[in-house]
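These protein sequence lines are chains D and R, in that order. Just so you know, we're using numbering that gives the first Met the number 0 here: the first sequence kicks off at 0 and counts up by one. Just so you know, we're using numbering that gives the first Met the number 0 here: the second sequence kicks off at 0 and counts up by one.
No wet-lab data here; the hints were simulated from the structure. The structure displayed is predicted, hence computed values, not measured ones. Any given hint might turn out to be false.
[To be verified] From the structure, some residues in chain R lie toward chain D, with a derived Cβ separation under 8 Å: (1) A59; (2) A63; (3) V190; (4) S197; (5) E198; (6) G201; (7) H207; (8) K250; (9) L323; (10) E324; (11) S327; (12) K328.
[Said to hold, decoys possible] Which chain R residues face chain D? A few, computed with CB under 7 Å, are given here: (13) D30; (14) V57; (15) A64; (16) A67; (17) Q70; (18) R75; (19) R158; (20) S159; (21) T191; (22) V192; (23) D205; (24) L326.
All residues carry an ideal CB built from backbone N, CA and C; glycine is no exception.
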Amino acid sequence: MIRLASAASFALVLVLSLGTMCAVALRADFVAGIEASDWAALKFTITQALFSSVFSCVLAVPVARAIARRRFPGRSFLITILGAPFILPTIVAITGLLSIYGPAGLLGRVASFAGFAAPQVYGLPGVVLAHVFLNLPLATRLVLQGWLAIPSERLQTAASLGFRPFDLFVHVEWPMLRQVLPGAHVVIFLVCLSSFAVALIMGGGPRATTVELAIYQSFMFEFDLGRAARLALLQFILGIIAAVVAWRLVLPADFGAGLDRPPERWDSQGLGHKLLDWLVIAAVSTFLLLPMAMVIVDGLDAIGQLPTSVFEAALRSVLVSLASVLLMLLLALPIAIAVSRTSLASAALAEGVGLLMISASPMVLGLGLYLLVFPYLDPVMLALAVTALVNAATSLPFALRALIPALREIEANFGPLADSLNVTGVARFRMLVFPRARRSMGFAMGLTAALSMGDLGVIVLFGSTDSPTLPLMLYRLMGAYRIEQAGSAALLLLLLSLFLFWLFDRGGRVNAAT
Amino acid sequence: MKSFFIATVLAAGCTAFASADQPVLTVYTYDSFVTEWGPGPAVEGAFEDACECDLKFVAAGDGAALLARIQIEGERTRADVVLGLDTNLTARAAATQMFAPHGVSADWDLPIGWDDPLFLPYDWGYFAFVYDTRRLASPPDSFGALAQSNTSIVIQDPRSSTPGLGLLLWVRHVHGDEAASVWKELSDNIVTVTAGWSEAYGMFLDEHVDMVLSYTTSPAYHLIAEGDETKKAAAFVEGHYMQVEVAAKLKTTDQPELADRFLEFIASDEFQAVIPTTNWMYPARIPAVGLPAGFDNLVQPSTSRLYSSREAAEIRDVALAEWLEALSK
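Model the full structure from these sequences, guided by the hints.
Below is the structure:
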């Protein structure tokens, strides 16, 4: 039963990733070769991803160090906030960033008041800025984990040897960074490679067009399926190469075991170091929180006067999001249960599924599905269903990451007992797996719900004109320059995404004490 | 909760049933046409009074993206009429074989002769850069002067927007094979390229840029609707490119008679009288009431430029590739 279900899940994932890729490859038009503007898009895609990942990682080092070295009220809040951009709808983040760095933003107004020219945000700077905003938190968390993994015994030894901060950096911290940073760098590079919404809004024209955006333009503006498919194939190859590199680069950290004592920092007690850390913490908090505060402030004004069409779009998005959650469970649970009962070989297979879905880009998926489905069904009618399915599939790697370890533990601890009592099938799930895996299931469901709620990917390709989702509606309001309504729609989207995440994540924890 | 759901479904079913005896005519158009200050509401009211039908405007992006939208939806499209293409797109649109003849004849007041059997003109105008006299005392008077200045502009993407495509052909019409180098020089003046006209014009009004690509008739809006005399179109010595906006019926329409009535309505006084003060363009046929005051002081181009629709289709791909390459740098 489980075997069959997990095979079906695998098959669906394969159809979604490799099937769409085949459809795209068959349709790709190479008669004109790879055009100059294709190369420009490819070059820009790699350039911005490189800049974005390097900046995110370099900035993450002082931030993670400051958080690791200091104890302060709000520290755990800051660490929680570092997880938020992951579930933050990209288009909401962009709205917030534009209200600060945009032509009419806070920074521009301050600059013009002081007599300087307003900074130009559109193009490479804007794209990199948005990517750093979205990925610095992820980089910081990864690096912070590295820092916290340094056993306190090490720091004790270092202190007894009279290490100064510089010595500590050279002998303890740098080796840790050398292990952690390449992985963080490649993960962020991979995420930025398939960037769409950021380039769509912050790009400012042909000089900052990612391959994803070029696919969208070829399809939506010119209906040039041959070119769109050619670009999609390029994007797919790019994603696969980067994913393979990522897979090889993620190294295990090895510091020897410690006794998990809370680390105490005998170094860095000097005033200069303290000042530096506080400055870094203040700067990163401002950088991350101010745009979100602006979304709330700008959105509050007109939220009561939003047209009903926006609320209809919101309802549609919530339903799509719930459907994504359901589909994700149907896909992830069989795989996770099957993997947790078997050897490491199938675990590698699950990792492979994860990589396939991470490197599959929304535009390639969307275009491939359009090509596959169009001859038989109306893609516009399927837009919402496809959005739910694609988001379920793209959330799969994160869901598996959360579920597999939990299920493995359950199997290891209670599997033999359940076997001896002959508790199998649905009863085993209901009585054993569900109660114990609830926490990670809740987290995975919350993540999927939030990602799906804020998705501005495949929906833009064949989202119908009269029944858009909330992110698509928000993009259209921005396009029609209804700035106030767009601001309020952004706030609504922010609240709904966070609420859905909270609801599921919380639901997984209720009665956790019993 | 369940009963609420059932009630909602029932209610939705009833409304569908109630409006079932009122035929629906679906018209795909661009964003600014359907805004409350655009022509949409007045046109809808006037036509629905006469037709006993439900006229439904669907905003499907800017003019040029409209054509792609129809192609994406293919024969299943729910559009009965498309309103918002222009002569630079009609050859490409005709090639899709998706449009049917309009069968309307009228005494047009267009600056060019009209004999297109598929596409019906509804208004026209000249592209121009609009500026604010308080912020820009002496605007550039040619593409060369604009490129030399540090005047910031926002333009629209020629792939999605008809003004964007118009500018592409304007530069090409003036500068011929030198167009690519003109774009290279212009690229540092361009703050951003928007997908549609509305966003670009909004950025100009919020003073994010010095000039915006729009029409010689745009200042009439500020003058008539707002009593604001500070918005002007920059007259270019090399002349201005013209736009004739058109509508057409889809072959696949399930409301062919209604669609025909709507196309006839477009040529009527009622529709044409609404155009100048809502779409802020010259009407394709001057209605009995004439043009509103304020339209007589607008920039009159020294030279009026336009490619035939066949030429425009031939030039477009080359011009677009030049534009993409120049602005990719």
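Outcome of the hint check:
1. A59: It holds, given that the least Cβ distance between A59(R) and chain D is near 5 Å, below 8 Å.
2. A63: holds, 7 Å
3. V190: holds, 6 Å
4. S197: holds, 5 Å
5. E198: holds, 5 Å
6. G201: With Cβ-Cβ at 3 Å, under 8 Å, it holds.
7. H207: holds, 3 Å
8. K250: violated, 17 Å
9. L323: holds, 4 Å
10. E324: This hint holds: E324(R) lies near chain D, its Cβ roughly 5 Å from the closest one there, short of 8 Å.
11. S327: Holds - the Cβ of S327(R) comes within 8 Å of chain D, reaching about 4 Å at its closest.
12. K328: It holds, given that the least Cβ distance between K328(R) and chain D is near 7 Å, below 8 Å.
13. D30: holds, 5 Å
14. V57: holds, 5 Å
15. A64: Interface hint status for A64(R): holds (5 Å vs cutoff 7 Å).
16. A67: Check passed: Cβ of A67(R) comes within 4 Å of chain D, closer than 7 Å.
17. Q70: OK, holds: Q70(R) within 7 Å of chain D, min 4 Å.
18. R75: R75(R) check passes; min Cβ-Cβ to chain D is 5 Å, inside 7 Å.
19. R158: holds, 4 Å
20. S159: holds, 5 Å
21. T191: T191(R) check passes; min Cβ-Cβ to chain D is 4 Å, inside 7 Å.
22. V192: holds, 3 Å
23. D205: Because about 5 Å separates D205(R) from the closest Cβ in chain D, which is inside the 7 Å limit, the hint holds.
24. L326: holds, 4 Å
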